[in-house]
Structures are given as structure tokens and as C-alpha cells.
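Peer 1: Starting from the structure of chain A, add chain B where the hints point.
Here are the chains, one letter per residue:
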Amino acid sequence: MSDLAVEARQLVKKFPARPGTGDKNPTSSSPLPAGEGRRDEGKKKRWQFWKKEPKVMFTAVDGVDLQIQRGEIFGLLGPNGAGKSTTIRMLCTLLEPTSGTARVNGYDIMKQANEVRRSLGTVLAGERSIYWKLTGRENLEYFAALYHIPPAVAKKRVDELIERMALKDRANELVEKYSTGMRQRVAIAKTLLARPPILLLDEPTLGLDPQAARNLRELIAQLKQEGHTILLTTHYMEEADQLSDRIGIIDAGKVIALDTPEGLKRRINQKEIVRLEVSGWQEHIGEKLRSLSEVENLVVRRQAEADLWEVNMQATNSRTLLPKIVENIGQNGTRLVNMNIVKPSLEDVFIHLTGKALRD
Amino acid sequence: METSLAPRSLGRPGFLSDARAFFAVVRREWTIFTRYPSWIIALFIWPLIFPMMYILTARALSGPDGSGLNIFIQTTGATDYIGYIIVGTTVWMWQNIVLWDVGFSLRDEQMRGTLESNWLSPTWRFSYLLGHTGPQIVSMAMFIGVTALEFGLLFGVRLNGSVWMLALMMLAAIPAVYGLGFAFASLVITVKEANAFVFLVRGLVMIFCGITFPVAILPGWMQSFAKWLPQTYLIHGMRAAAFSNAGITELLPDLIPLLLFGVFWLFVGYFTFLWMERRARKTGAIGQY
Chain A
180 MSDLAVEARQ LVKKFPARPG TGDKNPTSSS PLPAGEGRRD EGKKKRWQFW
230 KKEPKVMFTA VDGVDLQIQR GEIFGLLGPN GAGKSTTIRM LCTLLEPTSG
280 TARVNGYDIM KQANEVRRSL GTVLAGERSI YWKLTGRENL EYFAALYHIP
330 PAVAKKRVDE LIERMALKDR ANELVEKYST GMRQRVAIAK TLLARPPILL
380 LDEPTLGLDP QAARNLRELI AQLKQEGHTI LLTTHYMEEA DQLSDRIGII
430 DAGKVIALDT PEGLKRRINQ KEIVRLEVSG WQEHIGEKLR SLSEVENLVV
480 RRQAEADLWE VNMQATNSRT LLPKIVENIG QNGTRLVNMN IVKPSLEDVF
530 IHLTGKALRD
Chain B
40 METSLAPRSL GRPGFLSDAR AFFAVVRREW TIFTRYPSWI IALFIWPLIF
90 PMMYILTARA LSGPDGSGLN IFIQTTGATD YIGYIIVGTT VWMWQNIVLW
140 DVGFSLRDEQ MRGTLESNWL SPTWRFSYLL GHTGPQIVSM AMFIGVTALE
190 FGLLFGVRLN GSVWMLALMM LAAIPAVYGL GFAFASLVIT VKEANAFVFL
240 VRGLVMIFCG ITFPVAILPG WMQSFAKWLP QTYLIHGMRA AAFSNAGITE
290 LLPDLIPLLL FGVFWLFVGY FTFLWMERRA RKTGAIGQY
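First to last, the sequence lines map onto chains A and B. Positions 180 to 539 (our numbering) are the ones given, in order, by the first sequence. Positions 40 to 328 (our numbering) are the ones given, in order, by the second sequence.
No lab work stands behind these hints: they were computed from the structure. A portion of the hints provided could be inaccurate.
Capping the alpha-carbon separation at 27 Å, the derived lysine-lysine pairs in DSSO-like fashion look like this [to be verified]:
id, chain 1, residue 1, chain 2, residue 2
1, B, Lys-231, A, Lys-433
2, B, Lys-231, A, Lys-312
3, A, Lys-403, A, Lys-467
4, B, Lys-321, A, Lys-290
5, A, Lys-234, B, Lys-321
6, A, Lys-347, A, Lys-335
7, A, Lys-450, A, Lys-334
8, B, Lys-231, A, Lys-234
9, A, Lys-334, A, Lys-403
10, A, Lys-522, A, Lys-450
Next comes chain A alone, as it looks inside the complex:
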């Protein structure tokens, strides 16, 4: 058996764009997961009665290469619309790649789709992936049958997972009465039913409260200890940093960096990260700061709850930069509230690579 749990080579996925749309944020009725895609005009033709019109295509995934080792947690980190979900959908056989190949647990995703599905536990739509008019137990029994688990084994496994997911007291209640966190636990339990060697978790903590998200991250770490290989997509850098053995940073459909979290951060170790909190921010100050020779990247994010702006700068020399910051901020009602020189995070790596923030 190959040492690689997942191996993708030059995966490409293009979608036809809907007529009249040109945005990068398709709606829920789009074939793309929210926000994914880049325009790519004139690649295909379609007939409209008598004349040929160029068909606009979106490239959601653009030549992705992945090699995920068995027993590893691999994080695919990128902003909304980067191509994470489309990559996962191709790996779990819901989508056919436009070109390229991939093998999951040694099986070809195109030629051995059933074997691939048997090897995988996949969380895609989270709480929406289960039946709200069934109880938690009924959901698990149903999916156990779909995953071809013999009835006697299924009964034991369902009990075991209900216990493990702390659902025992409410296992016989309709899922519609559950909290979001409980529904997500049922969805995770569903993926674990057949004890698949590989788990694909697409934004598993999205929409969960902090406590539920923390519990889920602990569970993911335990699953790794039990020998599962996990491919995790997220746009939460802390989550990727905390859980992943290796991280692939994906943007505009391409994997632009791939390393361990520490390895990625080392790439910008020679840079200094200056983080400011400013009140009354004005855009022209940003332009002035960007024009300074010490500033390589500058990203501004509003902290609505505190009515402040967070300004992240990657600097080549903070000693000469600091006086210039103080000089530029503090005019026309703008006030410097806080200033720190911090260790680089994965988000800084992302800013360094793309010039934009993860959650832009």
C-alpha cells in the first residue's frame, strides 16, 4: 500500500459561468462553493441557435498538487473562494476534475470512485448534511446502512459514537431540537461510522461557538492519534496552525506554499511584524505608510466591536519605521491606540505571499 493517503497531480476544475455573471462571488445556486472562481473567457464554445458564442469559464482549482502522508493532519488554508472546497469535492468524487488525476487511499478518484468513497469520511455541509426530522440515533443508523456496515456491528458502533460525542441523553430526540454544535457532532459521528482511514473535513468549525469549536479541535487531534489521516480545510489560521502537521496555503485555485506551520513562519522570520490599533483611520494614511521603504505589506482590518482599525505591517526594519509611523498617525483625528512588534503568524505568511489578508 502506498505511503500516501491522498495524492493529487495537477488537479484543475473549471466551471461554466452563468450567463450575465462576472463576479467572483456566485450565489448558492452557483456550481462553485461560495466565492470560488476566476473568469477565464473563451475557452469553450457553445451554440446559441445559429451563432457560436464564447462560453465564459471559471477556474476554481488551477493545477493543485498534493501529497498527504498516512496518519498526517494536512491543513488546506485559504480565504473564501480560494478553491479549498472544490478540491475536497473532487477528492471525494462529487466533482470530476477538468484535468489532472488524484488517488485516495491508493484508488483513482475517476476509475475507482466507489472504493474512494469507502475509504473516506467527509464532512461537507456540516449540520445541513443530516436529517433534522430524524433523531440523532436514527441518522446514524441510516448512514451506517449506507456505508454497508453489518447491522450487528452498526448497532454497537452507533452506541459507541453516541457516547463519544456526548449525545447519549438526547440521542432519541429529533435533530431539529439540537443546537448547532450538537448537529455538527452528529455530522462528524456520521463520517466516523465506517471507521474510514481518511477524513476530509471542510470547514468543520464554521458557525460553532468557541467552546464547541475547541471541543471539535480536540476531537480532530484524537482522531489523528487513532491513525486517521485528516485533510482539513479552514480559513481560521489558528485552527490550521494548532492542528496541522503540514499546511498548504491555497489562493486563487493554486497551492502557493506548502510546509509545516513552523516552516511557513520561518519564511518570513527575517521580517518584522508591526501591529497597530488605530482609531479614526483614514485611507490616505495607509497610502502614506505603504509608500515607506521599510514597509513590504500593509493590511488594514476594521474591528467593528471596538471601533478600531487593526493595521498589520511587514517591515524590513522596525527601528527606522516606528518614528515614521508615529509621525504619520496622530493627525486629523487619527490616534494610535496600541503598537506591538509580534511574531509572524500564518496570516502574516499569507499576507507576505499574496499581499492580502485571509479574511478580506
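Peer 2: Relative to chain A, chain B alone:
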């Protein structure tokens, strides 16, 4: 990197596993169906309401002394005009319910978000559609039973034939009626909205298949068209079985075309499903809602 022994999958593929998966879909559908209590109200009201419209129209048109009914009897050969109408409207309702229910079954799952999670399993995907059909057939049988009961009690309609022959006609119609539903379900998931198509199909059945009148009164070209609709044979055969005591020999001219249409529509339904499945893999249609 630390490694540990990869877990061994608990799934055991095989025919029995696929059969269990199919029955799990049937059980799931039935459980969800019974958790919406409004179905009980629909079950008792709909069988009365729809035929009543035609029955009352017939009464009004037959004149104050009902003498016009004799002309109806001469034209149709039916001694019980209410029974005659009920058979036609029941077949119409059956096809209508199948188009809405089976036809929109995958679409409903898609909108709920559960279609993808089903599609991710190694189960034969046509099971989801077939499994949905099981409870639908049971609920339809209940619908027909309630129709017979209500019209028997309220209007004194009595069966003048073999209940087995009647059941045989309906069984023979299942492949054609549900095959169309399967094809329809696959199209709906692709085009997302298909109300116009439902209205078209049920309109065709209403006009061409003679739900309240004999096909013989239609102009020639309409009669020719009616021969291409399985419901024409079903309605004719059911009336003969229920009210003219027709045996298997008399029913064969209706049974044979009905079965042939069944083979055709099952084939069309299955291959439309395969086409949709392939197309959805290319376009991502399964995840769209």
C-alpha cells in the same frame, strides 16, 4: 512524523449491504413522511375534493331529473357515472402526486443539504430514488383505499368486478407511472424548477386520457395521441376491471401496452438518472440549491 496503524473500514460491500441500504432509504422516507401530521388530513380530504368537482358538474349537466345521465351511460357504457369519474380522477391524482413527490424527491434533498451526504456513501445511487418510491406507493395505496371507502360510504359506489384484476391493472402501471417520475426527478435536479413540466404532463393526462369522458369522443388526431399515453390504457383497464367485471383476457389489450410503456419509461428514467449523475459530477449540480 508519527504514524500509527490506519483504522480498518467497517463497511462490507456486497448485494446484501446494498439491499440493506435500499431498505434504510425506504425506512427513512417513511419515518420522515409520518412525522409531518398534515399527511393524514390530505389523505382524507383530497380523495373527496378533486372528484367532487366533476361529479357535481355531471349532476348539474344531467338536468333537474337526472335524465341527461342516460346519454352519458349510452356514450360510455358505464352504469355508475360516479365510479367512472373516480377511476379517471384517481389515475390523474396518482400521476400528479408522483410528479410532485418522486419528481421533486432529489431536489428536496438537494435543498435540505442531505443529497451530497447521501452521494458521498458507496451505496448504489439509484437506490435513493427507488427507496423514495416505496413509501410513495404505500401512501398512494392508502389514498386509493380511502377513495374507495369514502365514495362507497357517501355515494354508494360499489365495485362490480374483481378487486384482483383492478390491483393487477394498477401494478402493471407502476413501471410507467414511476419511470416517468424517475426521469422527471433527474431533470428537476438539473433545471431546478419544473412546475411548467408538471402542469404540461398532468394537463395532457387530463385532456387526452379521458379522466371524466371516453376517449372516443375526442377528434381523431387526439385519439391517436392518446394512444401514446400509458394513462389512457390504465384508466380504460381499471374501469373495465372495476365496473364491467372484465377478466384477464379482456384486460390484455390494456395490460400489454401498459407493460411496454413501463419498460420504456423505466429505461428512460434510469438512463436520465445516469445522465444527470454524470452531468452533476462535471458541473457540481448536486451541491447547488
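Peer 1: Each hint needs a verdict: does it hold in this structure or not?
Peer 2: Hint-by-hint comparison with the structure:
For a cut-off of 27 Å, the pair hint linking Lys-231 (chain B) to Lys-433 (chain A) is broken: about 31 Å separates their Cα positions. Only pairs whose Cα atoms come within 27 Å are accepted, and Lys-231 (chain B) paired with Lys-312 (chain A) is accepted, the gap being roughly 23 Å. Proximity of Lys-403 (chain A) to Lys-467 (chain A) is assessed by CA-CA distance (about 47 Å); at most 27 Å being required, the pair is judged violated. At most 27 Å may separate the alpha-carbon atoms for a hinted pair to count; Lys-321 (chain B) and Lys-290 (chain A) meet this at roughly 15 Å.
Taking the CA atoms of Lys-234 (chain A) and Lys-321 (chain B), the gap is near 16 Å; set against the 27 Å cutoff, the hint holds. For the hint pairing Lys-347 (chain A) with Lys-335 (chain A), the CA-to-CA distance comes to about 13 Å; that is within 27 Å, so the pair holds. With a CA separation close to 56 Å, the supplied pair Lys-450 (chain A) and Lys-334 (chain A) exceeds the 27 Å bound. Proximity of Lys-231 (chain B) to Lys-234 (chain A) is assessed by CA-CA distance (about 21 Å); at most 27 Å being required, the pair is judged to hold.
For the suggested pair Lys-334 (chain A) and Lys-403 (chain A), the alpha carbons sit about 24 Å apart, so the restraint of at most 27 Å is met. With a CA separation close to 9 Å, the supplied pair Lys-522 (chain A) and Lys-450 (chain A) stays within the 27 Å bound.
Checked against the numbered hints above, the structure breaks hints 1, 3 and 7 and satisfies the rest.
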